[in-house]
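A.B. asks: One line per chain: the protein sequences are B and Y, in this order.
The opening position of the first sequence corresponds to residue 1 in our numbering, with each subsequent residue numbered one higher.
The opening position of the second sequence corresponds to residue 1 in our numbering, with each subsequent residue numbered one higher.
These aren't lab readings, by the way, just hints derived from the structure by calculation.
Virtual Cβ for every residue (Gly too), placed ideally from N, Cα, C.
A portion of the hints provided could be inaccurate.
As the list claims (entries may be wrong) - Derived DSS-like pairs (lysine-lysine); straight-line CA-CA distance at most 25 Å:
id : chain 1 : residue 1 : chain 2 : residue 2
1  : Y       : K90       : B       : K145
2  : B       : K316      : Y       : K14
3  : Y       : K156      : Y       : K104
4  : B       : K313      : Y       : K16
5  : B       : K298      : Y       : K16
6  : Y       : K14       : B       : K298
7  : Y       : K14       : B       : K313
8  : B       : K300      : Y       : K14
9  : B       : K145      : Y       : K58
10 : Y       : K83       : B       : K316
11 : B       : K444      : B       : K68
12 : B       : K316      : Y       : K95
13 : Y       : K84       : B       : K68
14 : B       : K145      : Y       : K83
15 : B       : K316      : Y       : K104
16 : B       : K145      : Y       : K16
17 : B       : K313      : Y       : K79
What the hints assert, rightly or not - Label pairs and their in silico Cβ distance ranges:
id : chain 1 : residue 1 : chain 2 : residue 2 : range
18 : Y       : N100      : B       : G220      : 40 to 46 Å
19 : Y       : K110      : B       : P297      : 55 to 61 Å
20 : B       : D135      : Y       : S49       : 33 to 39 Å
21 : B       : P297      : Y       : I61       : 44 to 50 Å
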Amino acid sequence: MPKLYSGAEIVFKCLEDQNVSHLFGYPGGAVLPIYDELKNFNSVKHILVRHEQGAGHAAEGYARSTGKPGVLLVTSGPGATNAVTALTDAYMDSVPLVCITGQVPTHLIGTDAFQECDTTGITRPCTKHNWLVKDVNDLAEVMHKAFEVATTGRPGPVLVDIPKDIQFQKGKYKNFTKAKKLNGKSHDNFSQKNIDELIKLISKAKKPIFYTGGGVINSGPKASELLRELVYATGFPITSTLQGLGCFPADDNQFLGMLGMHGTFEANNAMYSCDLMINVGARFDDRITGKIDEFSPKSKKVHIDIDPSSINKNVKVDLAIVGDIKSVLISTLKTIKKSKNNFSKSNKHQISNWWEQIQKWRSKRSLDYIGNEETIKPQYAIERLYELTKDKDTYITTEVGQHQMWAAQHYKFNKPNRWMTSGGLGTMGYGLPAAVGVQIAHPKKLVIDIAGEASVLMTMQEMSTAVQYNLPIKIFILNNEYMGMVRQWQELLHDKNYSESYTAALPDFVKMAEAYGCVGIRAKTPEELDDKIIEMLNTDRPVIFDCLVDKQENCYPMIPSGKPHNQMLLGPKDQKEKKITGKGRTLV
Amino acid sequence: MANSKSAYSFAGKKQKLDTHIIVVWVDNESGVLARVVGLFSGRGYNIESLAVAEVDQKQNISRITIVTTGTPQVVDQIKLQLKKLVPVHKVADFKREDKNVIFKEMALFKFVANNIKLNKAFEACKKFNPVLLDKTTKSNVIQITALRREIDNMSKNLKKFGLVSVSRTGAVAMTRGSEVFK
Numbered sequence: 001m002p003k004l005y006s007g008a009e010i011v012f013k014c015l016e017d018q019n020v021s022h023l024f025g026y027p028g029g030a031v032l033p034i035y036d037e038l039k040n041f042n043s044v045k046h047i048l049v050r051h052e053q054g055a056g057h058a059a060e061g062y063a064r065s066t067g068k069p070g071v072l073l074v075t076s077g078p079g080a081t082n083a084v085t086a087l088t089d090a091y092m093d094s095v096p097l098v099c100i101t102g103q104v105p106t107h108l109i110g111t112d113a114f115q116e117c118d119t120t121g122i123t124r125p126c127t128k129h130n131w132l133v134k135d136v137n138d139l140a141e142v143m144h145k146a147f148e149v150a151t152t153g154r155p156g157p158v159l160v161d162i163p164k165d166i167q168f169q170k171g172k173y174k175n176f177t178k179a180k181k182l183n184g185k186s187h188d189n190f191s192q193k194n195i196d197e198l199i200k201l202i203s204k205a206k207k208p209i210f211y212t213g214g215g216v217i218n219s220g221p222k223a224s225e226l227l228r229e230l231v232y233a234t235g236f237p238i239t240s241t242l243q244g245l246g247c248f249p250a251d252d253n254q255f256l257g258m259l260g261m262h263g264t265f266e267a268n269n270a271m272y273s274c275d276l277m278i279n280v281g282a283r284f285d286d287r288i289t290g291k292i293d294e295f296s297p298k299s300k301k302v303h304i305d306i307d308p309s310s311i312n313k314n315v316k317v318d319l320a321i322v323g324d325i326k327s328v329l330i331s332t333l334k335t336i337k338k339s340k341n342n343f344s345k346s347n348k349h350q351i352s353n354w355w356e357q358i359q360k361w362r363s364k365r366s367l368d369y370i371g372n373e374e375t376i377k378p379q380y381a382i383e384r385l386y387e388l389t390k391d392k393d394t395y396i397t398t399e400v401g402q403h404q405m406w407a408a409q410h411y412k413f414n415k416p417n418r419w420m421t422s423g424g425l426g427t428m429g430y431g432l433p434a435a436v437g438v439q440i441a442h443p444k445k446l447v448i449d450i451a452g453e454a455s456v457l458m459t460m461q462e463m464s465t466a467v468q469y470n471l472p473i474k475i476f477i478l479n480n481e482y483m484g485m486v487r488q489w490q491e492l493l494h495d496k497n498y499s500e501s502y503t504a505a506l507p508d509f510v511k512m513a514e515a516y517g518c519v520g521i522r523a524k525t526p527e528e529l530d531d532k533i534i535e536m537l538n539t540d541r542p543v544i545f546d547c548l549v550d551k552q553e554n555c556y557p558m559i560p561s562g563k564p565h566n567q568m569l570l571g572p573k574d575q576k577e578k579k580i581t582g583k584g585r586t587l588v
Numbered sequence: 001m002a003n004s005k006s007a008y009s010f011a012g013k014k015q016k017l018d019t020h021i022i023v024v025w026v027d028n029e030s031g032v033l034a035r036v037v038g039l040f041s042g043r044g045y046n047i048e049s050l051a052v053a054e055v056d057q058k059q060n061i062s063r064i065t066i067v068t069t070g071t072p073q074v075v076d077q078i079k080l081q082l083k084k085l086v087p088v089h090k091v092a093d094f095k096r097e098d099k100n101v102i103f104k105e106m107a108l109f110k111f112v113a114n115n116i117k118l119n120k121a122f123e124a125c126k127k128f129n130p131v132l133l134d135k136t137t138k139s140n141v142i143q144i145t146a147l148r149r150e151i152d153n154m155s156k157n158l159k160k161f162g163l164v165s166v167s168r169t170g171a172v173a174m175t176r177g178s179e180v181f182k
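The shape of chain B in the complex, shown without the other chains (with noise of 0.2 Å):
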C-alpha cells in the first residue's frame, strides 16, 4: 500500500518536484494546515509579504526575471479577492503564475460561512484555468497540471482553490509525469511553407520593419538571440512594444526604440509607412495600433505567435505563423542560410532608401527634452540613473504611469528579463512588489522600482516585507505630487481641469523610509542628483530615493487617441527656438 500523505504534505511534496524554491504568501484561517506544513519543507522558502496583491505581483516580479513560475499561497476569502489585481495582471501579460488558495472545508462551501467567496467563479475570467479540489486524491494531478497550464503555450496565471478538510486529509502522491497533449493546445503549429514564405516577403521587401513583444522574452533567452540573429542578418529596422525591451539591444543602430501611444517618431513613422511589417511576439494591442483603421495601411503583415486566437483578432495579417517564437526563429535562420548566403549583402542595398528615410524621421530627435537648471527634469532623472547604473546588470520595475514611459523611453535595456512594468492592465503599485520578486530571484543584482509617488502608495507597505528579508531594492519615486499621467490627459483634453488628480497630503518619503527602518535620500536640484543617486548605489539597504521633478513635465511624443501613426504629438520641443539638444542637453 502506498504512503499517504495529508493534503497539505502533497502540497509541498508538488512544489518540490516542480523545483519551486520560493513561495509568496500570507496566512490565514483557511490556509493553516499548509502554512503547518512548511517546517517540514526547507528547499521551499516562504515570503511573508504585507498584502496579497503583493504577493501576486512579488511573483510575477520573480516569473519575469527568471523565467520560472512565480507561487503565491493565499488564504480564502478576502486573501483570494486581494490577489485578483495581479492574476488579472498575469493574465493580461502573459506570465506563468501558480495561485494557492485556502478554501473553507467542503461542508461549508456555499453556506456563506466566515471568510468565504467563490474564488473559482471570480477568478474564472483573469486564470488560464482554475480548481477547486473536492477530493483529496485529485490533488498532486491537479497541483502538476496547473504547473504545465502556467507554463506552456502562452502562459498565464493559474489557480487551484484547496478547501481546509482537503488539506487535512491523507490520500495518495503522484509523481510528476510531463502530460501527453494538452487537450491539443499546444504550440507550434506551422510548416516550412510558412517559413518559406515568410522569406519570400523578406527578400522582396523595400520597407521592412520587425515588430516584437513580449513573446519574444517569454520565449525565453535564446529567443532573444536569434532574434537579434535574424535583425543582423536582414539588416531590418526593429522597434519593441513596451513589454518586448530587451531583446533587442537599445544602443544599437538598427533599434528604432519603442513604438505606440508614446513611442518613437521614427518607430511610429516606420510602422505606418513600412511595406513589410513582422510582428514577433507582439498582439497589436490599442496601445500600439492606434486607429486601427488607418494602421499600416501599405503593409503586408505577418503575426508570429504562440496563440492562435492572438492572430487576426485585432489586425488582420496577411502571414500568420503559429508557433513558439524559438522554434519559429531556428528555422527562419536555418532556411535562409541553406537558401541565400549572401541574402544579407543584396538586401541592405534594397533597403538603403528606406534606411535614409528613417534617418530623417530620427534626427527629428522626438525624445528630447528642455532641460532646466532648477528643477529636474522627469527625463534627466532617468538617463542619469542610466548613466549611472549602465555598467551594472539592473533589473528595472515601475508603477504605471508618466515615469512608466519615461523610463521606457529613457532607460536603454539590453538584455532580456530585465525590464518588469504592467503593461496590459496598467497596475499602479506593481513595481514595488516586483521589485521585491526580482530581489529575491537575485539576490546580487541592483534592482530599481522607477516609480511615481502616486503609484507607489497603492504598495508602500511592501517595504516592510523588503526589510524584513534584508532585499536592498531602490525604489525611485519620481515625485511631482500629481498623478502625473492623469493630469497630462486632462490637460490636454479636458481644459485643464485637474479634476482630483493632485495629491495635497503626500506623506514625507524620507521619514517614511526611515520608519520602515530603510533609507530615505531626497534630490531636489539637477546639480546634487547624480551625488545623491551614487549615495543610493552605494546603500546596501533598502532605500526610497524621493527625486522632486518639474510638476508641469507631459510625456511626449504622444499619438493622440483615435489617431494613426503618422499624426503624433511632439510636445514641446516642437517649439525650435526652446531647443536645447545634444551637450546643453545632458549639461543642465
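We have chain B already, so just place chain Y on it with the hints.
C.D. replies: Just chain Y now, kept in the frame of chain B:
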C-alpha cells in the same frame, strides 16, 4: 485632437453579421458551462440559443451547441478562444445557411380551448412532426421539432387556437451524410 476626449480609439467600420452554430465538446466537469458562457459574456459575444447535455457517459463528454451572431472576425475569435479553454476538446462551426448540416429545435405547446380548436391546432402543426404528449377534454400538449424561425411563426399563428404556454430548447445540430466531425 480637440474633439477627442478618450484614451481609446473610436469604433471602426461596422461589418456584416452572420449567424453561426458553434458546437463544443467539453469535459463534463463542474463549472465548464460557466467557463464557456463566461467567455461569451466577458468578450461581448452574443448567444442566441444554447443547448447542452452529456453525450458520452463513459468519457464524460458534453456537447454544447451555441447559436451566435458576429462578423467573420468575431466568429473566428470565438472558435479560437474556445479552443484555448482547458476542458474543451474540439470546436465545430457551421453557418446557418449550410445545406450539409441539420439544425433542429424542439418546442412544447400547451393549448387550452374547445375540441374543434384543439384539433385545428394539431392540424396546423402537421408540417413539424407533431407529437401529442397529453390530452384532456379542454387542453393538449403538442411537441414539434422545427427551425427557430418556424417555431417563432408557429407560436404567433397558434394564438388563435388557444395557445397558452410555450417551452422551447436551443438548437442542436448534426452534419448530413456519413462523415463525423473530428
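A.B. asks: Which of the listed hints are broken here?
C.D. replies: Violated hints (numbers, rising): 15 and 16; every other hint is consistent with the structure.
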